[in-house]
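Student: Fit chain B to the known structure of chain A by using the hints.
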Amino acid sequence: KNEVEQSPQNLTAQEGEFITINCSYSVGISALHWLQQHPGGGIVSLFMLSSGKKKHGRLIATINIQEKHSSLHITASHPRDSAVYICAVRGARGGSQGNLIFGKGTKLSVKP
Amino acid sequence: ETGVTQSPTHLIKTRGQQVTLRCSSQSGHNTVSWYQQALGQGPQFIFQYYREEENGRGNFPPRFSGLQFPNYSSELNVNALELDDSALYLCASSSGLVAYNEQFFGPGTRLTVL
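In order, the protein sequences belong to chains A and B.
Throughout the first sequence, residue numbering follows our numbering, covering 1 to 112 in sequence.
Throughout the second sequence, residue numbering follows our numbering, covering 1001 to 1114 in sequence.
Read the hints as simulated data drawn from the structure, not as lab findings.
A virtual CB, placed ideally from N, CA and C, is assigned to each residue, including glycine.
Do not rely on the hints blindly, as some may be mistaken.
[Claimed, not checked] Residues of chain A clear of chain B, computed beta-carbon distances all greater than 10 Å: (1) Ala-13; (2) Glu-15; (3) Gly-16; (4) Ile-19; (5) Ser-24; (6) Ser-26; (7) Val-27; (8) Ser-45; (9) Gly-57; (10) Ile-65; (11) Ser-71; (12) Asn-99; (13) Ser-109; (14) Lys-111.
[What the hints assert, rightly or not] Label-pair ranges, simulated between beta-carbon atoms: (15) A:Glu-15 x B:Glu-1102: 29 to 37 Å; (16) A:His-56 x B:Thr-1020: 30 to 38 Å; (17) B:Pro-1008 x A:Gly-16: 37 to 45 Å; (18) A:Ala-92 x B:Glu-1054: 21 to 29 Å; (19) A:Gly-57 x B:Glu-1054: 33 to 41 Å; (20) B:Gly-1040 x A:Thr-20: 16 to 24 Å; (21) B:Glu-1102 x A:Thr-75: 34 to 42 Å; (22) B:Leu-1083 x A:Ser-109: 37 to 45 Å; (23) A:Gly-40 x B:Asn-1071: 20 to 28 Å.
Only chain B is shown next, with the shape it has when bound in the complex:
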């Protein structure tokens, strides 16, 4: 059983560019959640995908968008990058939407916007 993987591990972009981050969920998991963690802060919920549909969204602007594929892997896209988008982006997978299902986190992608 493979764990949650994310790519790339590090990324440097400039203001105004677009970025795509990828997450492969743990085997058997159909739910992926994305979080943004600024330096020195706790993670903030961006959105969640369940069976290829968005199933909830945090307080992030529309330039943050996502996709989930039939194999339940997921992408996070950020358009028109801003300096404040510099952060660690974490994805977590779980099985289904039951509140008590544990989430398993990936190692994160560290994005730097210059």
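So here's chain A without its partners, still in its complex pose:
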């Protein structure tokens, strides 16, 4: 079993829909990242959080440390949101700061 699991693996939505992507992890963490990867590979960091909730524009990320679960929400989705969304965690102890553990990603396609 992977240490970081995302669901769904693939998601197709109509423009304007509210989207939720989920991430569950099995290790103690110091931080959780949500990343966006466009075709061609470039990765953009959306959020880094260790508790509570963060909002940036139409994106909202929440984390529940007790339940080891995080969600990424997109409100009023748009075709330009189409990308792979990746959840990654950094362990709470041991390892180097760079040792992010990644989920496999959720491929989002927003249709006009």
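Tutor: What follows is chain B alone, placed relative to chain A:
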């Protein structure tokens, strides 16, 4: 302030050859991490360099090696290439080793091994 850059963007090699990938970290960042992303998978941690020293390594064989230079740019070297080394190689830079420091990713180098 320039972002993280990587070169080359694409590369084709044959089995057994050696390859060097390059990464220039974001201005002010002294830490570089390298990741391998196979098609359809999430990235896997290869190793990290902090102030020119290796500071952690993932589950990759010794034929994966690296360097960090005094200007904090970095190289990833892979010897004796295998077909399974075909992947997107990402580097990310950050400032220091504090766990909460955000990493900034480069665009990646796509390596194809034939």
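Student: Next step is simple, just say for each hint if it's right about the structure.
Tutor: Against the structure, the hints come out as follows:
Distance check for Ala-13 of chain A against chain B: the nearest CB is about 21 Å away, which clears 10 Å, and the non-interface claim stands. Distance to chain B confirms Glu-15 of chain A as a non-interface residue, since its nearest Cβ pair spans about 26 Å, more than 10 Å. For Gly-16 of chain A, the shortest C-beta to C-beta distance to chain B comes to about 29 Å, beyond the 10 Å cut-off, and the non-interface label holds. A cut-off of 10 Å between C-beta atoms confirms that Ile-19 of chain A is not in contact with chain B; the least separation is 19 Å.
Annotated as non-interface, Ser-24 of chain A keeps its C-beta farther than 10 Å from every C-beta of chain B; the closest such distance is 14 Å. Interface exclusion of Ser-26 of chain A from chain B stands, the closest Cβ pair being 15 Å apart, more than 10 Å. Consistency note on Val-27 of chain A: stated as away from chain B, and its beta-carbon is indeed over 10 Å from all of that chain's, at 13 Å minimum. Distance check on Ser-45 of chain A: its Cβ comes as close as 6 Å (rounded) to a Cβ of chain B, failing to clear the 10 Å threshold; non-interface status is violated.
With 10 Å as the threshold on Cβ separation, the claim that Gly-57 of chain A sits away from chain B holds: the shortest Cβ distance comes to roughly 17 Å. Every CB of chain B is more than 10 Å from the CB of Ile-65 of chain A (nearest about 14 Å), matching its label as outside the interface. Distance check on Ser-71 of chain A: its Cβ is at least 18 Å (rounded) from any Cβ of chain B, clearing the 10 Å threshold; non-interface status holds. With a least beta-carbon separation of about 5 Å from chain B, Asn-99 of chain A fails to lie farther than 10 Å from that chain, contradicting its non-interface assignment.
With a minimum CB-CB distance of about 15 Å to chain B, Ser-109 of chain A clears the 10 Å threshold, and the non-interface call stands. Separation of Lys-111 of chain A from chain B is adequate, the least Cβ-Cβ distance of about 22 Å exceeding the 10 Å criterion. Checked against the hint of 29 to 37 Å, the pair Glu-15 of chain A and Glu-1102 of chain B passes, with Cβ atoms roughly 30 Å apart. Range check, His-56 of chain A to Thr-1020 of chain B: Cβ separation about 37 Å, and the 30 to 38 Å hint holds.
Taken as a hint, the range 37 to 45 Å holds for the pair Pro-1008 of chain B and Gly-16 of chain A, whose Cβ atoms sit roughly 40 Å apart. Checked against the given bound of 21 to 29 Å, the beta carbons of Ala-92 of chain A and Glu-1054 of chain B, roughly 22 Å apart, stay inside it. Between Gly-57 of chain A and Glu-1054 of chain B the Cβ separation comes to about 38 Å, which falls inside the hinted range of 33 to 41 Å. Range check, Gly-1040 of chain B to Thr-20 of chain A: Cβ separation about 22 Å, and the 16 to 24 Å hint holds.
One distance hint, 34 to 42 Å for the beta-carbon pair Glu-1102 of chain B and Thr-75 of chain A, is violated here, with the actual separation near 23 Å. Taking 37 to 45 Å as the suggested C-beta distance range, the pair Leu-1083 of chain B and Ser-109 of chain A does not conform, at roughly 30 Å. Distance hint check for Gly-40 of chain A and Asn-1071 of chain B: the Cβ-Cβ separation is about 27 Å, which falls inside the suggested range of 20 to 28 Å.
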